[in-house]
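Chains as they are written, first to last, in our numbering: chain A, 1 to 275; chain B, 1001 to 1211; chain C, 2001 to 2217.
Honestly, the hints are just simulated from the structure, not real lab data.
Don't take every hint at face value.
[Unchecked claim] The list that follows gives simulated cross-link-like pairs (lysine-lysine, PhoX-like), each with its CA atoms no further than 25 angstroms apart:
| # | chain 1 | residue 1 | chain 2 | residue 2 |
| --- | --- | --- | --- | --- |
| 1 | A | K106 | A | K118 |
| 2 | A | K106 | B | K1030 |
| 3 | C | K2068 | C | K2206 |
| 4 | A | K6 | B | K1207 |
[As the list claims (entries may be wrong)] Label pairs and their calculated CB-CB ranges:
| # | chain 1 | residue 1 | chain 2 | residue 2 | range |
| --- | --- | --- | --- | --- | --- |
| 5 | A | N238 | B | G1133 | 50 to 60 angstroms |
| 6 | B | L1165 | A | G196 | 47 to 57 angstroms |
| 7 | B | I1081 | C | F2026 | 31 to 41 angstroms |
| 8 | B | D1132 | A | R170 | 46 to 56 angstroms |
| 9 | A | G154 | B | G1069 | 51 to 61 angstroms |
| 10 | C | F2026 | B | W1008 | 21 to 31 angstroms |
| 11 | C | Y2127 | B | Q1120 | 16 to 26 angstroms |
| 12 | C | Y2127 | B | M1067 | 43 to 53 angstroms |
| 13 | B | A1129 | A | K6 | 53 to 63 angstroms |
| 14 | C | A2144 | A | E122 | 57 to 67 angstroms |
| 15 | A | P34 | B | R1170 | 36 to 46 angstroms |
| 16 | B | I1081 | A | G154 | 22 to 32 angstroms |
| 17 | C | W2165 | A | N238 | 26 to 36 angstroms |
The beta carbon of each residue, even a glycine, is placed where N, CA and C say it ideally should be.
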Amino acid sequence: MSFTAKLANIDRRVFYWILFIALMVPFLSPIGFPLSVAENTRDLYDGITGDNVEPGDVWIINFGYGVSAWSECHPGVTVCTKALFREDAKIIFMGPHYDVHLTYNKLQTTAAADFAGKVYGEDYVFLGYITGGEAAITQLASDMRSVYPNDYFGTDLDDIPMMADVNGWRDIDGVLSSDTGDWGSYFLRQWQGPHGTRLAQIGIAMLGSTGIPLWLAGNYFGMSVGSRGGAELEILINELGEATTSMDSISVSHLLIVIAVILANIGVLTERRES
Amino acid sequence: MAYPTAMWDVIGLWTGWVLMLMIYSYPLYKENPVYRTAEYMFIGMMLAINVVTNFSNVVRICITPMMGGDFLMIVPLILGIMIYTMLIPEYRWVSRYPVALLVGAGFGLGIRGTIAPNIQDAIISTITAPSDGGMMAWINFLYIAVGLICSMMYFLLTFEHTGPLKAPTRIGRLFIMIALGAYFGNTVLFRFTMLTGRAQFFLQVLKLIPM
Amino acid sequence: MSQILKREVVYAFTGLVTVIMFVDYFFFVDGWGFAETVRTWAVIVFNISLGLGAVQLLRQSAMNIQRKRSNYGFSALLVATFAIMLLTGLAGYAATGQMTDNAIYNWLFNNMYTPLGATLYPITGFYIFSAAYRSFRARNIDAALMLIAGCFVILSNAPVGEAIWPGFATIGEWFRFTGQIPGMRTFAMVGSLGMIAYGFRALLGKERGFYAGGGEE
Chain A
1 MSFTAKLANI
11 DRRVFYWILF
21 IALMVPFLSP
31 IGFPLSVAEN
41 TRDLYDGITG
51 DNVEPGDVWI
61 INFGYGVSAW
71 SECHPGVTVC
81 TKALFREDAK
91 IIFMGPHYDV
101 HLTYNKLQTT
111 AAADFAGKVY
121 GEDYVFLGYI
131 TGGEAAITQL
141 ASDMRSVYPN
151 DYFGTDLDDI
161 PMMADVNGWR
171 DIDGVLSSDT
181 GDWGSYFLRQ
191 WQGPHGTRLA
201 QIGIAMLGST
211 GIPLWLAGNY
221 FGMSVGSRGG
231 AELEILINEL
241 GEATTSMDSI
251 SVSHLLIVIA
261 VILANIGVLT
271 ERRES
Chain B
1001 MAYPTAMWDV
1011 IGLWTGWVLM
1021 LMIYSYPLYK
1031 ENPVYRTAEY
1041 MFIGMMLAIN
1051 VVTNFSNVVR
1061 ICITPMMGGD
1071 FLMIVPLILG
1081 IMIYTMLIPE
1091 YRWVSRYPVA
1101 LLVGAGFGLG
1111 IRGTIAPNIQ
1121 DAIISTITAP
1131 SDGGMMAWIN
1141 FLYIAVGLIC
1151 SMMYFLLTFE
1161 HTGPLKAPTR
1171 IGRLFIMIAL
1181 GAYFGNTVLF
1191 RFTMLTGRAQ
1201 FFLQVLKLIP
1211 M
Chain C
2001 MSQILKREVV
2011 YAFTGLVTVI
2021 MFVDYFFFVD
2031 GWGFAETVRT
2041 WAVIVFNISL
2051 GLGAVQLLRQ
2061 SAMNIQRKRS
2071 NYGFSALLVA
2081 TFAIMLLTGL
2091 AGYAATGQMT
2101 DNAIYNWLFN
2111 NMYTPLGATL
2121 YPITGFYIFS
2131 AAYRSFRARN
2141 IDAALMLIAG
2151 CFVILSNAPV
2161 GEAIWPGFAT
2171 IGEWFRFTGQ
2181 IPGMRTFAMV
2191 GSLGMIAYGF
2201 RALLGKERGF
2211 YAGGGEE
């Protein structure tokens, strides 16, 4: 059997074990590659800081990701929460995953210092789980109380000070949707499109492909793409965190896949030459 | 977040770690009863969480307002129950009414919302000439404009891709391949980041790195 | 009459709801109360319908157990975990209005459901790796273009690419901000046009796959 044929027939589990181990090594022995900040991430950060946010502005942060995508989306959400709180904006947290309360609890840990100075009900509120797809997001724009009569803890929205005058798109200054799926596009179609609400996405990397054209067209004022976007945001706010830590592991695994692809293609080229 | 100290939290952490290895036994070894056990437990729990979460949601947005005097809420409640006739073959047609409501609302909202951002703004962005950036900006502008026209032509499935359509559809296919390549690149980042999160958890439980 | 109730009235109902959504969008600047009511109904029906999958799967599992089909033990495990989670969740909900207030439910949710979910989805990462090795090959110009774009985006996404050669980041960025745009915009536009066409065909009763039984009985 030729070397190329042997290469082509390597048991897939060999790759899996290599990847499994390679992902862990950088955590034990960090490397610390430098990182540049992409324009779309900078636009997102600029859009939630400085003159673009007034004290008292009300923003929605949609946790459109579950625990499985924490490493992708959560660092970006953490930075955005910190940035908005530091501009004295008020934040409504919500999400369409069953484990949304775990994400909210984690955020209180990852942005603990910023939550410490804020009061629940006055500066932020957690509405909890939402479902109903596009119809629910449309209702959120027209009558928030029809999908959220009370917050996650059961308090009537009318009894929450910061929600007293908030019931639809007119009362919201911006939406940050952090997604693994379609919820960002629901906000796009039912909030940004018809009402011009400022919208940005803190999406998984796959959504970078579908979201970048929307950012270029001005539908999203900014966009963070996956854990890399999270790491870039951590650089912008000057507080390195989870995403920056994971970048070494990402580097090693990405290098591995490129090496694997090159090896496979060397095999193809050699075979072609031989034939 | 610090390493837990309470007994049940520590047991919980290790339970999660063991379950993780049970799932990993499938790709790293092969399909086996240990993996299946974890898989079936996950499905069972997910179904229950689905039922209780949505039940509490229905109580919150439908039953409570109905008890408070909004008697019109009986309509979606009945429509919702009607969907379960899907399980009874002779009355399956009844479930078409709630499905019709969902589909009608879905189409109505989807169609009305998609035109502006996904068609109109995309076209405007494509045909807006660059105001600065020099030669490279113009090359990119032409690349996107020509690429979009050719790629769109590739999806003209009502005509055979021959004659005058042959060259542009062929070029369009190449533009699509580039987009799919970039999409794959981003997919790699997403999938590997999720694996990275698990690798981190694996080491954290073993106290090899801080929580 | 029954045939009309089973087909034509259903199509008319779908069309009516769609038209209500259009009228609300195009004619009412501040929103139309009736359309909002219909949307709330849709949200509630959606919520209720999510239990359908659970019922169907439990029925299937119960049958597996009853007939002692192969691997029926796993079906029993599924039903058992479902029952424990359901009962503890409902107990928590009945007591305080929060499922997570039940200690058992909360423990199972945090320490079993969450790590299982957080591991099941990422294992696709392994398959991406072997898929890239086995199928990402430059066999012709189309595949070569896809391969080149993919590799540059991979290397620009990871900081190591930039560390090896800054050009990886520059070229990768070009693929992200320019190279992929025609294709991705095409997908968005074609998808939207497809949805519009499909929607209108459904309104005319020409697409019936989503109605139970395909609208045939």
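Each hint, compared with the structure:
1. Using a Cα cut-off of 25 angstroms, the hinted pair K106(A) and K118(A) holds, with the two alpha carbons roughly 16 angstroms apart.
2. This hinted pair does not check out: K106(A) and K1030(B) have alpha carbons roughly 34 angstroms apart, beyond 25 angstroms.
3. The suggested pairing of K2068(C) with K2206(C) is violated, with an alpha-carbon distance near 43 angstroms, which exceeds 25 angstroms.
4. The straight-line distance between the Cα atoms of K6(A) and K1207(B) is roughly 39 angstroms, outside the 25 angstroms bound, and the hint therefore fails.
5. Distance hint check for N238(A) and G1133(B): the Cβ-Cβ separation is about 30 angstroms, which falls outside the suggested range of 50 to 60 angstroms.
6. Between L1165(B) and G196(A) the Cβ separation comes to about 39 angstroms, which falls outside the hinted range of 47 to 57 angstroms.
7. At roughly 33 angstroms, the beta carbons of I1081(B) and F2026(C) sit within the given window of 31 to 41 angstroms.
8. Against the hinted window of 46 to 56 angstroms, the Cβ-Cβ separation of D1132(B) and R170(A) comes to about 35 angstroms, which falls outside the hint.
9. A hinted range of 51 to 61 angstroms is violated for the C-beta pair G154(A) and G1069(B), which are about 20 angstroms apart.
10. At about 57 angstroms, the CB distance of F2026(C) to W1008(B) disagrees with the hint of 21 to 31 angstroms.
11. Between Y2127(C) and Q1120(B) the beta carbon distance is about 38 angstroms. The supplied range of 16 to 26 angstroms is therefore violated.
12. Separation of Y2127(C) from M1067(B) is about 49 angstroms and conforms to the stated range, judged on CB atoms against 43 to 53 angstroms.
13. Roughly 54 angstroms separates the CB atoms of A1129(B) and K6(A), a value that falls within the hinted 53 to 63 angstroms.
14. Evaluation of the 57 to 67 angstroms hint for A2144(C) and E122(A) yields a pass: the beta carbon distance comes to about 58 angstroms.
15. The supplied range of 36 to 46 angstroms is met by P34(A) and R1170(B), whose beta-carbon atoms lie about 41 angstroms from each other.
16. At roughly 26 angstroms, the beta carbons of I1081(B) and G154(A) sit within the given window of 22 to 32 angstroms.
17. Separated by about 27 angstroms at the C-beta atoms, W2165(C) and N238(A) satisfy the suggested range of 26 to 36 angstroms.
Comparing the model with each numbered hint stated earlier shows that hints 2, 3, 4, 5, 6, 8, 9, 10 and 11 do not hold.
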